Structures are given as structure tokens and as C-alpha cells.
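**Q** Chains as they are written, first to last, in the UniProt record's numbering: chain W, 1 to 1017; chain V, 1 to 319.
Just to be clear, a hint being listed does not mean it is correct.
[Said to hold, decoys possible] Keeping only pairs whose Cα atoms sit at most 30 Å apart, straight-line, the calculated BS3-like set for lysine-lysine is:
no.: 1; chain 1: V; residue 1: K219; chain 2: W; residue 2: K274
no.: 2; chain 1: W; residue 1: K143; chain 2: W; residue 2: K226
no.: 3; chain 1: W; residue 1: K136; chain 2: V; residue 2: K219
Source of the hints: derived by calculation from the structure; they are not laboratory data.
Treat the numbers as computed from the prediction; the structure is a model and nothing was measured.
Single-letter residue listing:
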Amino acid sequence: MTGAITVKNTFISTDVVCAKFFGSFVLAGVGGILKIFSLTSNKCVKEIEIFKGHKIYGIQQNKENHILIYGSKSVRIFDFSDSSEDILFTCIASITLEDWIVAAHWLSDGDQIALVTAHNIAWLWSCRNNISSPLKRAVCSEKCILYSATVCGDDWSNCVVFAGTVFREVVVWLPAGSEGDQPVLHRLEGHNGVIFSLTWDWQTRSLCSTSDDRSVRLWNISLLDKRDWKSSKVICSHVFYGHSARVWKSIILEDLVVSVGEDCQICVWSLKGKLLQTFERSTSGCQWSIDYSSKFNLLVTGAGDGSIQLIPLTLPLKTQAVLSVSYPDCIAQSTLAPTRKIILLSSGCIVAISDDGSLLSGYPGIPSTWTVVCRDERFANYCLLSVGSTRTSFSLASLNGFVALYEGDSSNSISKVFEQKVEDGKIWSLLWLSKNEILVCGDEGRLMIWQLSQREDVSSGRKLTCIGKFRLPRARERWPTCATLVTNNNEKFLLCGDRCGSVHLFTLNQSLVEEQAVPNHSLSKLHGKLGVTSIQNIKNQVISTGRDGTVRTLRVNQKSLQVSVISTDKMPMDWVCTVLCPSRSMEYILIVGFKETNMVIWSTEERRIVLQLDCGGGHRSWDCIMSDNRSLEITFVREKCMFYTSQDLEELMKPTLLNGISPRELNCLSSFHSYPSALLFGGEDGTIYVCKFSEDHSVLEKRITLTSHISSVRCLSTHGNFFFSAGGRAQLKAWRFELDLENEITCVEEASHMLKGERNPRSPPSIDPEMRYMSICSVPNEDDNSDVVQLVAGYSDGALRWLTFDSTSKTIQVNGESMFHGKCVLKLFAVQLPTDKVLISTATDGRVALWYLVPEMFEASNSVREPFWSTRSHQSGVNSIHVRLLPATEGTILLLASGGDDNSVVLTALHIHSERVSVVAEWSSSSAHAAQVTGVWLIGDLLISTSIDQRLTFWQWSLSGHESVLIKCQFLHQIVSSIPDIQDMKIWQEKSNLHICLVGKGVQTFSLPFNEDLKPC
Amino acid sequence: MGKTSKDKRDVYYRLAKEEGWRARSAFKLMQIDDEFKLLEGVKNVVDLCAAPGSWSQVLAKRLHKDGTENAKIVAVDLQAMAPLKGVIQLQGDITQVSTANAIIDHFKGESADLVVCDGAPDVTGLHEMDEYIQAQLLLAALNITTHILKPGGSFLAKIFRGKDITLLYSQLKLFFPKVTVTKPLSSRNSSIESFVVCQDYSPPSDYVPNMSNPLLDHKYTDWNQLTGSNRIIVPFLACGDLSAYDSDTNYPLELEGREPYLYRPPVQAPISPPYEESVHLKKSKGLGKCVEPNMSVEETVKSVEESVATLHLNKDLKP
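Please model the complete structure; the sequences and the hints are all you need to start from.
**A** This is the structure we're talking about:
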């Protein structure tokens, strides 16, 4: 490796602290990089590195299309011009201050700017001719640290500074006064915490402040004259409490205030302080920034997971605002009984059944179309109204076993197709399985599938034939609430969910008419005890929803006749009721559910609620369909009246400009040899993120979230197609990674294990340490297809434990432990030597130990577990290790790199030969970094290290000499990353490029040209 | 979460409660002192940003070992804190000269031998901003220290080891020839918190202490680069006896050689946190409702409770 190193940033995702509309573009800062998105294509059209290492905190534009970008102590000013081919973004000035910039403001002449810095100092700068010193500097008499400020005024002489202090006040002062410290004009008191943002609005002459105390305050300023601030008066007109965590920013619109906070919420307030709407972006974390475009009526937010989202500024629908559906007088007079149940047909027609057994149909909003189809006493007081999935057929089922099937055509004519008594007693449930198959539940959980003969054989009349009989297990409420047919390699299965939350699997055998008395498999209480609400087969995926607020993906295993849960997604609603899918594509699905009195529609694409409708709650008859012209049609009964609304999906759903990864810190990353474009991240939020990148790793294409860990995920390890995740509460999980023919990824949870077993929450607290997994590694195996994977794990109680995962029985077993370290274990690394397998372990006391991994350790035996070599190579915690094997005349040289909490990087060359170990050479740099070293890697003749100090350092090492070996290691290059709190690093080679991925509060990937050209010794 | 789980997760948290320290940070000062012997021969000591007072507790315990009160301990904080025996409390702002003068008055005109500061700002979660504000807090502490510390004296303060920490090091090196960064065993491995031990105070010969302008941290230069091999990184020294408890390790509740475990409530609960009112409102289901700007917490909560009650009343009246 010779010559200069050129490292290219290929991908970054971290907190988006600033996102702004600019004409028909959105400008957003991701770390120090500015991304420009076009609102016509909704794509990123340009990327420019503005700052090295530090974030972009603010973007301000002036009338001349000059854009000021600031962050930390720097300001840069760019000229923006948009030609048909490209966007030109030319830097016209750069300013560096000695203090942190909290506000920047363009003055009206177009090249002067006012800045406010953290020590309550205001500055006047000109961006003309790149002036190197400020024109003016003004200091306020109140000298304390500011968390926020804003400036208003069109020239320096009438500028006003609003400064939010660490002492919970807003101080108002004028920078253009006489010599000396400027007096405080007003002190706005009331907040009980640090002030995080201030926004000024000329139109309403109000100032909006947001604070650590979770409140938003609106201050009205009365001015006799626009320039006469000295006689101004300020009152706090309103206080808004609505956020359940700190409030970061706000904007003032004409008659609204929009605020965003740490609680993932975007709150929309009237100027009178009424909370009109909340948008919750629960999986995207902190909402750092907010802006509004009146041209598009859109909000844009930047979040803690690195996502940038457009949101239409809509207010929730009230029942009063939707169409009340009424019958024409002639019907209303004859039908006195209230409407009991309603459904929607694909034609847009509503079908309703009333308490007296009247079946009505008609179109919402057109009373003349309403007709009474029939009135049937048998369906009075008790009637099940069910609709087929194509929404052209529906059925009625009665208290005494009658079933009537109807069809509706496009011209709103409804005709009865067939009628039969199929049960002696009450029909408890009737569910449509296909266009011509229904599942009927009678007394004592008796289930029958009835098939309706096709229209073609009309000669013999249409008839119902029973093609399967089953029985539900005994339960308090013994009837199915949802069901679907699943075909797997020509074998048909019936999956149904019941009122008690369980899912049951039955086999459909065409020849069998005997009752299948016991399900093949049941997942008891899968959806809690309040019931499963839907099971659907959407594009080869079985998706179930329930009143436990979750959506789950299930799979039927044909061999073992079992149902397994592939994934679980918790929704921000109490009851999840059904899933809607656009008929042609699987781009996104909509989840329908209820939260308190609202019906809520959640989009899996945007991961937020796109519609809220106050309909009174989930205990009512309602229906919701997605119609072909991409609108959402909803109907419901409230207080015996029918309501209907149709919502344009284009208006409700707006694209995500940039996908995020995790709202919290990431602790670890891993990847598969066989599929390098996927990376696995383990998060502090207990989620594993499986991310698929484009081939050059520059675009995050898809993200799968695995959320079943009950605490943080601290470590990951891959082994063939398996991977293992472990972390808090001593929980370990085994997963299988699958790729289908279209290269789509599925991850299946194979086993879950808790070191202390699942504890009953009511049992008395144990006195054992509450430990967590710190590191896990799988033991390299010549035969990747072996059924048993050997694992070694390090724990916070100071133990190493030897475990095995059996992929056939899907079990994890602990086989033995060693308390050698006694202090919290930090990192493990297993390596295959020519003859032996060696494990390297490190702990918080700075100790590094080497162990032979022998097969006996993985049998439940008392075999000796002692390291064969150990040393204390750091003063305190060893946060990272990596090794490289070098050939030697006899045995092997193991080159061990380690990075510590003590800022140092250490290289140790160990000679290992027939159970004898000797240190042949050592090198260390005690000031390699300015903070904990959290990543080291050896590749070719490079040593790469990274740290919480956000530097990525390249070193070149060499071994020389024969009798006495010497390690040399030379500093080559250093770059600064925009990712705070770097926790882990992974490096891999693809063709002639080296890829480096860093994780912490975000993810950043770099690449550099690389040819392995190693000539050791 | 059971009430013992925090005790289980963090051994120093429970030890602090058992030994009566107001915060677990007491152990950090003790471990730093064991290593650096900062308290040896100290007569006058200042604890800046002292609340809740755990460092003052340690100072009092170690300096007044024989029950005498030979050493003077002055604890300064903006907020009042519960009184401590043998500690003079001073409620004041560390950026004011008057505070420096008041400290000197307590020392009867003498200078301090040691200044300690364990203060930390309200963190935002944006690391570089938190690090900057922490650095400003430290520089404010350093500024007042230059008014009150005797030449040759020591200064100990909390730092966040982050992206721009070398800028702070270069600033501290101007005043102290010996600057060491240390991390006691009782400070978690994963935390960005560390401590700087600055010894042998020798300000530049032309330096005049001045409170009217804040001390600012330095810029990146050729001799202290943003990236490169020329960065000012001070030596690191881990402290805490290896036999001491490790804050990352989880220990059983029954610790060897100690009394049987007994749950103890925290020594001091947080005093009126900023979110107090918000939490009250949430409990009374008043979030999202308009609040009168001039009401007190109690009045606000009461009015919300009343309005919520009327809502329920209306509901009941419906047929």
C-alpha cells in the first residue's frame, strides 16, 4: 500500500437536524453532507460535503438564491442555480468563528448576515469578497450559555436577538446599541427547562419557544412601530403541553403552530393552544427538524433514525365531517329498525342489514339508489353479514342455521344466489375463504367448509357441498374470527384465528369427509387474549392481525405441519383489525386498526398513521376497502346512523425522501460472506436491522426490522446462513437468513434462549446478577452445513460460556462456563489456525486471553476451561480486537490488534507452535485516538482504527528481522466521520475496493481503492 | 422492572445508597484521589457545580478524617442543596467575579489548593453540541479557578471525550504543565465521561484573570490538527484499584464480604425536574389542552382535572 490514500464517503445515515424547503426542492443536512431532493421526482438529486465531521444545524436562504449553511463554528454560503441538466451549488464564502453558532439570519441587502453564538454574542458579517473578519460584534450584558436563538430585522440597526438561555429564560436584546455590553430589553420567564428553539414570525408578531420542560410557549409582542423595539411589550399568550418528552423545534404558520420533539411526535396547534393533530413517527425516533411549504401544503421532518419524511398537513377527520348516509323517506318510513351491520362491495355500494331483517343496498350520497333487497324475519335480531375477498359476493347467516348467498354486479343489482340450512343451531361465524368457498362454524366449534358449485352447471341448479370438517379446540369463545386457505406445493391448509387469540392449522384433504377433530398445530394466544382479527394470504405471505396491537407474518411448514411466526410488528394502536393491499403491487400495505375512539390507518411504507377518523371506537360495524382508483373508502355505524367517506390515497400518503435505519444507537454490525450487499445492525432499541444496499453500498434499498428482543442487542455473529443476536436480559436468539428467487430477504427466528429462563413476573425477585451478553462468536467450522453450531459468549458478570445451537431441534444449550475474567467481558474473536481453533477474549480490566477451542468444551462436561495465554495489554477496557495470521517457518504468527478505553492501539505478534506461545514483538501507540478505541481491523499491510473521537486512522504495519522480530507501524492517514459514538466497525474487500462501515448514532460507509499486496517478514 | 433491578445492574448505585452517598459519583472522586493523591495537604478546596453534593461529602470525609475541621471546603452551586456538615455552601453563579471574591473571603484571603468540578449540562443527545456545552462549562470553571487557585494548585473536572476534545486539551495545557485524562473504574466503559486532572497551576506570565469575557476553546491549527498525526492528546491513566468493583460488571445482590442485601430507597430523589408539570398533566389527562400562561403547576393541574371531570359528566348525561 503506497502513495496517498483517497477515501470516499459512500453512504451516511445519522440524525437529520435540519431539513428545509427551497422552492421545489428539499435541502437537508445528514451529518456534514447536504442532500438536495427534488419534489418532482422525490429523489436525491445532489449531494455536497459542506462540513468535515460536524453536522449541519441550519439552512437559511435569501431572495438572491444564496443559501447559508451553518453548523458548529462554521458558516458557508452558496449560490444555487438550477439549470435543466444540473444543479449548480457554488461556494461564495466561508466563515469560521471562535464560538458555536446558534442562529443565522440574512439581512435585507442580500450580502450581510447576522449571527448569534453560544455565549450570547451577535455578529455582523458580509459575505462579499470573502471578508475575513466581522463587521460588528455585540455582547449582551447577560453572559450565559445559549441553547438557541433567533434574530429578526432587516438591517443591523434594527436587529433584535431573542436568546434562549441555559437558565430557562428568553432574553431579548438589541445588538446595535452604543459601546459596551448591550442591556437586556425583556426577560421572558416561564419555562422550567433549557430553551431548545426559538422561532419568530413577523405576520403574527409572535415568538414561539420550545423547551426541556416539554412545553411550547407562544409570546405576543406588541410593537407601536416595526422598528421601535424599545417600547415593545411582551406577554405569554399561550402554553401548549402535548409532547411527552422534550420539544426541539417549532414553526409558526398563518394560524397554526407545528412542534416536533423527542417523543417522535409532530403536534399541530391552533394559535389558541388547541391540539388539533398529532403525527406520530414512532419508529423514526426524535423528530429534530420541521419545515412547511405553503405551495405544496407539506411538512418535512428530519428524524433521529436519519429519515426525511414528507407529511401532508391534514387535520383528523371527525364524524361530523364525513358523509352521513341516509335512506330516502320511502324506505325510512317502512324500516324503523336501526341498521346493525354494513359492508362495502367493490362497486362502491353499501349493503346494510337492520334489526328487523331488512337487507338494504345503495350508494352513499345518492338516496335515490337505495332499495330494500328483501326483508327476511329469519335474519332479524341476529344476523352475520360477511363479504368475500373479491367484494362481489356476500352472505347472511342466521340464528337457526340458515345461510343465504348474494351476488352484486356492477350495476347495483343484488341477487340471491343460493340459500340453505347448513346447521341445526346457531351459526357462530361465517367466513369467506375464496370466491366460492365459505367456512361455517356451528355449535361446539364445529367447522365446515362449503363449496358452491360454479355458475356453468346451472342445469342441475347451484348447490353447496361440504368439502371439509374440523373442530376447534375447547375454549371459552369457540368460533373462528378469521380464516384463510394456504396452498403449499399443492397441499392445501386451513389457517384460522379465534376469539381467544389463538391460530389453528388444519389440513385440507379432498377425499376426506370425516371430521378432523384436532388441529395439526395451534399457536395458543398468539395475538393475546382479545382475539385474532384477520388472517390473509397476500402475495405468498400469510399475515395475521390481532387485538394485541400486532401484525405478524406466519409460515406453514408443510413437512412438520406447523405454523411458525416469521416476524412480528407492533403497531401504534390498541387493536389491529385488517390489512389492505393495493391489488396490483406489494409496494406497501395499509394496516387498519383502532386507537381509543379513532379508526387509524397506518402505512408500512411511511411507518406512520396516514389517516385518523374519530368514529367512536372499534366496537361497531365498519368496513374499509381500497378501491381501484387508489382511494380509500370507509363506512361505519355510529349511534345507529351510517357514515361514509372516501379519501384520496395520493393526498394521504407522501413519499419518504430518505429512509432511516435506527432511532437509537447501533451497537454492532455483521454481514454474510455469501451476500455482501446485506448488513445486519444490532440496536440499543432491541431491534435487529437487516439492511439491503445497492451493489456499491451507496443506497439503502430495503430494511427489515426484527423486533423480538426484549432488551438491547449488543452483539451479532453470522455462521453460514444462520446468525445469532444477543444482548440485554441475557437473551440470545438464533435466526436463519433466506433469499428467495427474487433475492428478497426473509429472516426466520429459529430459537430464543434466556440464560435464566423465562421468569414469571410474579415470582419473587432473584438475587442473581442482572447480566447481559456483551459479545458472541461462532466457532469456525469446516463444514458449514453441520446441524450444530458452536458458540462462545462473553457476559457482563465476567463469565465466558460455551453454547451449542442445534438447528434440527431448534434449541440452544449452555454447556459450561469459565469465570477466568471475573470482570465484564467485552469482545470475543474466534480464529482457525492451521491445526487448532483459537478464541481471543478481552475484558474491562484490560486483559486479553487466548483459549484453545476443543470439542469437549461444547459437551456438557466439566472439561477444563483455562486460557493458554493471557496478558494485560491495556489499562482498562479492551473495546476492539482483530487478528491476522502470518505464516512462519514453524507454527503460526498471530498478529493481534487491540484498541482500548485508554486511547491506545496495541499490536502484538505471537508465535504459536505446538501449544507453546511466545510474544515475538509488540508495538503500541498510547495516543492513537483522543477517546475510546472502538474498532480495529487488520487487512493487507493496513491497520485501521476508529474511536468515539470520530476519527478513522490508517496505519501501515510491517514485521522485520529474523532472530529478533520487530513490528513497525506508521501513521498513514486520518479522516473524520460524522457518526457520533462509534461502537463497531467492519471492513471487507470487494473486487479492488475496500469498504469500511462504522456504526454508532448512525451508519457511515467509506470506500477506497485497495489491492492486497502483502509481503510479511 | 422490579425496584431492585437498578441495584443489580449497577453495583456503584447500590453501594452509594448503602454508604449514604448522595450520588454514585462519590466513588469516582475517591478513586481519582487514591490514584493522584489530590487531597494530600489540601487546606482550601472548592467544589464547583456541587449539587447534589456527593463530591463535597467525599471532601468532607477525607479532609476532616480526625473530626477536626482544619481544611475549608466551599461548595458552590446555582441551586441550594441540603446542608452538609463541615461544608460551607455558597449559592452563586460561577461566571461572576462576586462568587470568586466570596470564595476567597471564606478562605480568609488565601487561595485554593484544589478546585473540583463534576458539573454536566442538560444533554440534548447531539453529541457534538453536548460536548461543546460541557467544554464551555469546564472553561467557565477554569475561568473562576484562575481567580482563586494558588500557583502549583490542582484542578479536576469532568469532560466528555468526544470529537473536539483535543481543543480543550490545548487550552488546559496553557495553564497546567501536567494534564492527565483519567477514568475511574466507577465510570462506565461505554460512557463518554472522563476526568481531567490538571496539576501544577502555572498560568502564562502575562495572564490576567478576567471574568468579563468567557474563555473560549481553541481552533484547529497545524500543531493541533483536525485530522493527522499532530493532535494534542494528553496521557490517559485508568484509576481505581483492580480489586475494586467494575461498573460494567454485574454483581449478585449478595456481595462477598458485605452485609446481606437490603433494598434501600435513593438517598435523594430528583428535585423538581423540568418535566414535572408535563408529567402532572399527563397523569390528569390534561396533555394537549390549553393551559393559562400565568398559572402555577398546582392551579394548572387542578383546572385540567376539573375540565376533564366535566367531560366525563357530559358523557354520562348522554342517553
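**Q** Indicate, hint by hint, whether the structure satisfies it.
**A** We went through each hint and held it up to the structure:
Simply put, K219 of chain V and K274 of chain W have alpha-carbon atoms about 47 Å apart, too far for the 30 Å limit, and the pair is violated. Under the criterion of a C-alpha separation no larger than 30 Å, the hint pairing K143 of chain W with K226 of chain W is consistent with the structure, at around 27 Å. This hinted pair checks out: K136 of chain W and K219 of chain V have alpha carbons roughly 21 Å apart, not beyond 30 Å.
The earlier numbered hint that this structure contradicts is number 1, and it is the only one.
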